[in-house]
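For the record, the sequence lines run as chains A and B. Just so we're aligned, residue 144 is where the first sequence starts under my numbering, counting upward by one. Just so we're aligned, residue 43 is where the second sequence starts under my numbering, counting upward by one.
Hints are computed from structural coordinates only; laboratory data are not their basis. Be aware that one or more of the hints could be misleading.
[What the hints assert, rightly or not] Interface residues of chain B toward chain A, partial, derived using beta-carbon atoms under 8 Å:
#1 Arg191
#2 Val392
#3 Val396
#4 His399
#5 Ser403
#6 Leu587
#7 Tyr589
#8 Arg591
#9 Arg965
#10 Asn969
#11 Phe972
#12 Gln999
#13 Gly1000
Yeah, the Cβ is synthetic: ideal placement off N, Cα and C, and Gly gets one too.
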Amino acid sequence: MAKTYDYLFKLLLIGDSGVGKTSILFRFSEDAFNISFISTIGIDFKIRTIDLDGKKVKLQIWDTAGQERFRTITTAYYRGSMGIMLVYDVTNEKSFENIKNWIRNIEENASADVEKMILGNKCDLDSKRQVSKERGEQLAVEYQIKFVETSAKDSLNVEYAFYTLARDIKAKMEKKQEASNPPGARGGTHQLKSNDQQRKPPSWLSRCSIL
Amino acid sequence: MAAQNKVESNSGDMPSTTDPAAEQKDRLIAAVKKEVKQLMEEAVTRKFVHEESGGVTALCGAVEACLGQGLRRRALGLFKTSSTTALLHKIAKNCPEAALVSARVLSAEGAPATRSASGVERRPSAPRPPLHKRGSGSLLGSQPPPTYRYLWIRIALFERQLAKIIEHLVNNATRYYERDALVADPDYGSILSSLLVGPCALEYSKAKAPACFWTDPPADELVQRHRMSAGTTTPPSVRRPILNFRRSLNASSDDNASVNAGSGNSTASSAKDYVESLHQNSRATLLYGKNNVRVQPKDVEEPMPGYLSLHQSAAGLVIKWTPNQLMNGYAESEGIDKSIYWAMSLQVCVWEVVYVHVHRSQASDALILVGQDGVQRPPIQFPKGGHLLSFLSNLETGLLPHGQLDPPLWSQRGTGKVFGRNKGRRRPMPSLCESGENDESEVDEVAGDYVFRIVNNAIADREAMRHSLLERVIQSPPRTPRRTLASTSTTSSDSSTMSVDCPPIIGNLTQTTITQVSLEQAASIELVCSTMRRQIISRAFYGWLAYCRHLSTVRTHLSGLVHPNIVPGENTNEGLTDAIWRSMMDEQGAIVDKDEVYRLVYYGGVQHDIRKEVWPFLLGYYEFNTTFQERQEQDCTYRRQYETTMSEWLCVEAIVRQRDREATAASIARLSQSSGKPKPEVEPCEVFEDDCSVISDNPPVVSPEPSENEQKRLEVKPVLSRAPSIDEVDNIELDEEKNENGVKINGETDTCEDITFDDDDDDEVCIKSVVENPDMRRESIAEIKRLAEGIVQKGDGRGLLCSVDSGNANLYGNDNKSIEEPAPNHAHSVIVTNPSVDLAVTGGSPASGGTTAPASPARSPLGVLREESHSAGASFDTLDPESRPDNRSNCVSPASSNGGVYSNELVENFALNLHRIEKDVQRCDRNYPFFTDENLDKLRNIMCTYVWEHLDMGYMQGMCDLAAPLLVIMRDEAVAHALFARLMCRAKDNFPSGQAMDAYFADMRSLIQILDCELYELMHAHGDYTHFYFCYRWFLLDFKRELLYQDVFSAWELIWVARYVASEHMVLFIALALLETYRDVILANSMDFTDIIKFFNEMAERHDASAVLSLARDLVLQVQTLIENK
């Protein structure tokens, strides 16, 4: 049997508690929605393998606890992740304002070239909306991060978001490989190193060699 | 495929020479057979076949070739086409199945664009990545252009009609086919159609996302597979390190197996998994497989055919034999009890086998495995024709590099096999007989018996190393010396990693050593050997020394984890039952022997009915030596305290609410402004309602009240007889109402500060009166609320004051009535309704009657809206009908019993906590029936009260989980709060602010190292295990999320009492027990850190709790014994 995937991307979902991180993840991994999700304690992850330009990309998506109290644990996961979804709740102004804090958190803890994306979740609840789409876009422009409004409940843009993030990571990775391979030597070692870092998870290597 | 196509094109002008024709038919049918087999295997390993799988195309090609052969094209007018599609359309008239497929084909051909549509159809909202070729859509839409070949066969296959159509063709072969065509052949024709029955029964993926191609097996599957394989295999005891406990999973698997046998579904699915495990998969390499190998199990008269397979897994070689009856994993509901077949199936770990006996006779080749214990396995009878030999040679290959067959199957000299054609020699041990490789012509082979010994260097070495300490010694030195050890084969490598990573190295080294040896002279060999020996011994010694030191450190460390004295568990089977409990109390209700209580609970748990009574003792809320009366008084006092505290935070809450509304209103206003939409609500009344639903999820519920209020306002009473509800507050902020407000509030609106003082006095009086008069207790909360109630807030969120007439305290009943008909004499008071604390509700006081009525209309919309509620106000509205209006009407007097105005900081701090609490309470265990809105509200109150008392700590996610089971058992809010506070004394350290978690992780590490070094090695190898995050949630919530509620109760009791009986850190041992329960699954799959997280998260609430808990107790005992033996 061939190896099960070509790439493994570790993604991370962060954002205030109750913005719907688990629901987004559940929508993406199981294509379902459950209204009675209990708050996430500690950390969990789900896996979905997608096909990206003919490559099998295994997404290992980590779901974190939202309360900042738990950041000591969650930040441990920032380092290994290659893409981060910043989630806020369009019906909750505060969660939107906190996106800035989360971004700062990323800057402090994640690797510098991590791909990011902002999701304004619960956009189906238009009657309760407190944060306009424009504000979301504005923030995204300000930080130069891609942005999309999603609804885990109505399955709106969730797939799109993950595919986009995954594609960006893949593009970045391939670009790096190209950059590091032909010239080699000086710049190459550095590039390679960061590449290794991205591929670090031991499971990745072992899986591949086993299969 | 190319070959088949050629065949097909030839087939038209096929001459009727018999021999080549028959040969060709053979070839054609063999091709179909092969493809069917492959497809079926694919199906079984993946549980489904993708429509675009290469296997499908290949099969279709093979079928097409068969159908094309000997077709009477000319007679049927089909000569223009080379494909058989026309044939299909032709027979459609006579064959309904063909008609159906024919129609499908036509529509598919007519709509080639369906492919792209299919993808969109499946995930309407998801823009598809451009090259997402794997996407599968609905049946019809799944015809991608590149695979337009064999379209009709493909569709017929997916529609499961192919076999029937072929059958039709075969039955009517004379009409369509030449006489010598394959289809017309009496044998081949029916073979062809029956071959295709299998593929037609398969599931072809359509709805599945492409991801399912490559998903990892879920935890369930892993466990199930393990149960299957663990049924008969017990790894050799030598490999088990000391202090290894019984394999609990196996123990429970027996029960499960018997249960499963009864219920069809689970058996079927597990059977499917098992069948899947027989095939090539990521965990085990399939070295050999042969069907129709006969074995005669015990209690069966005749040998039964089955599937024999040889697997190479991380743990070593495994021979499996499965009766044919079980191989059909898909026949799910046959109603046959398959359990007997499961019992018959064989699983033999090759390392357990010492001898392989081979008996060859004219009739069959039989192979008997003899285990270490001398027990013979039932003979495995191979069909004639070299199968036995190929099995043996596969076995031999599989044994390499660290094992071998003795004597080798292949001669050292490389000239031939041990037995191939054996010339009549009957020898117990075959020598290296020279014979040709001619094993095809075995028909004339003469019978013979042979014995092979399976030599496992590793095991042999380990035998010598039985002593566990010594075994560890070897683990400690670094790898390089270990290799040296192995190569001498006098001593050995360690046990656990042996089969995983060392063998290849050892193998190579052995070889190199051998070559060296052969090259060098005897003297130098001796020298080398003695040097090695010395080295080994010295290394061993230092390793051992280091290990002992380490062990002693660890032991010292661990000794703090358990109590030194072992409390025996006799007569504790039933735990603490009602009868025992009663008998332990004296007539006053005091309990004399509390240790006995602890002991009983530790070993047997508490009977569910008396948990409510016992838990307060276990958590130390009641003292054991108190009397009934004392406890009752304690309750009363506590309740009073609780209510007082509640009143305090309720005041602040009202302020918070007020602020929220403003903030929300502001942001909504901004939103509507920015979006250019005119705010829909213009008229005050509408605004009111709209705001509620928009802002706070307050359902329109409130509508009866405003009118009521409005009315009152018109009367310009100096008092709000119905306190401004939060909704009202909302309302009031709106400019239109500001003036009116002022009027209403009269003179009291002046300055906050002044009034605060006044009010403060009132409060004190009030509360005092409550305390003094026990009869009043019931109403105390209500009274407090009244105090808190108040005055409409000003826009700045500061509460205004409504002074409360202390005299009103006595006039409760009337107060309530004031809701409907505001009495002028309650000049300052506001509504009194029931507190959310349930005691007031039950009182049957006029209060309940009075308040229910206005509240009831509010009820129904609530439930609906609640689900989506997000804002802080949400759970406020979800109070039970009695308490809701009360809570709602809570406005705040900035001065409450603790006096003074709340600082902005305090309010903000509490607001933050409040929002978090409400967010979490709302989603706490909603699928557990107990948590109705009413009970969730109790939970909220408990949380808020606790957090209010511990504002510096604040609310932390997970607290809800800890309080919920307490509330479920205690039902009473105040007592549950008391217990929760007790619980938190210990649990608070587990939260991120405390230090306990790191200590737990460290302790876990030590425990695993001491108790299960095999697992420890694995974890160590993966490195990541320095942080045991997979058990983070276990420790944080005392396994609350890992177990079902009834099991949580038992686990918690165990944890609480263990500190008095055996260990203060029972959680550690429960965690260890959980880990140990699945150790074999973890080891077998060589899980890393992420795998384990995923595994345990998926296994949540599926554990066999009683087994886990009892294992935990065993583990405590083990550590106790270990330390005792020091």
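Structure-based check of each hint:
1. A distance limit of 8 Å between C-beta atoms decides the matter here; for B:Arg191 the minimum to chain A is near 22 Å, and the interface restraint is violated.
2. For B:Val392, the suggested interface contact is broken, since its CB lies about 20 Å from the closest CB of chain A, more than 8 Å.
3. Hint status for B:Val396: violated, given a least beta-carbon distance of 30 Å to chain A, over 8 Å.
4. Hint on B:His399 is violated. Least Cβ distance to chain A is approximately 34 Å, over the 8 Å limit.
5. For B:Ser403, the suggested interface contact is broken, since its CB lies about 39 Å from the closest CB of chain A, more than 8 Å.
6. The criterion of a C-beta within 8 Å of any C-beta in chain A is not met by B:Leu587, whose closest approach is roughly 32 Å, and the hint is violated.
7. Taken as an interface hint, B:Tyr589 does not check out: its beta carbon lies about 27 Å from the nearest beta carbon of chain A, beyond 8 Å.
8. Annotation: B:Arg591 was flagged as interfacial toward chain A, and the flag is violated, the nearest CB pair being 30 Å apart, outside 8 Å.
9. This hint holds: B:Arg965 has a C-beta 6 Å from the nearest C-beta of chain A, less than the 8 Å allowed.
10. Restraint check, B:Asn969 versus chain A: the minimum CB separation of about 5 Å is within 8 Å; hint holds.
11. Checking B:Phe972 against chain A by beta carbon gives a least distance of about 14 Å; that is not within 8 Å, so the hint is violated.
12. Among the interface hints, the one on B:Gln999 holds; its C-beta lies about 5 Å from the nearest C-beta in chain A, closer than the 8 Å criterion.
13. Of the supplied interface hints, the one on B:Gly1000 holds, with its beta-carbon coming within about 5 Å of a beta-carbon of chain A, less than 8 Å.
Violated hints for the displayed structure, listed by number in ascending order: 1, 2, 3, 4, 5, 6, 7, 8, 11.
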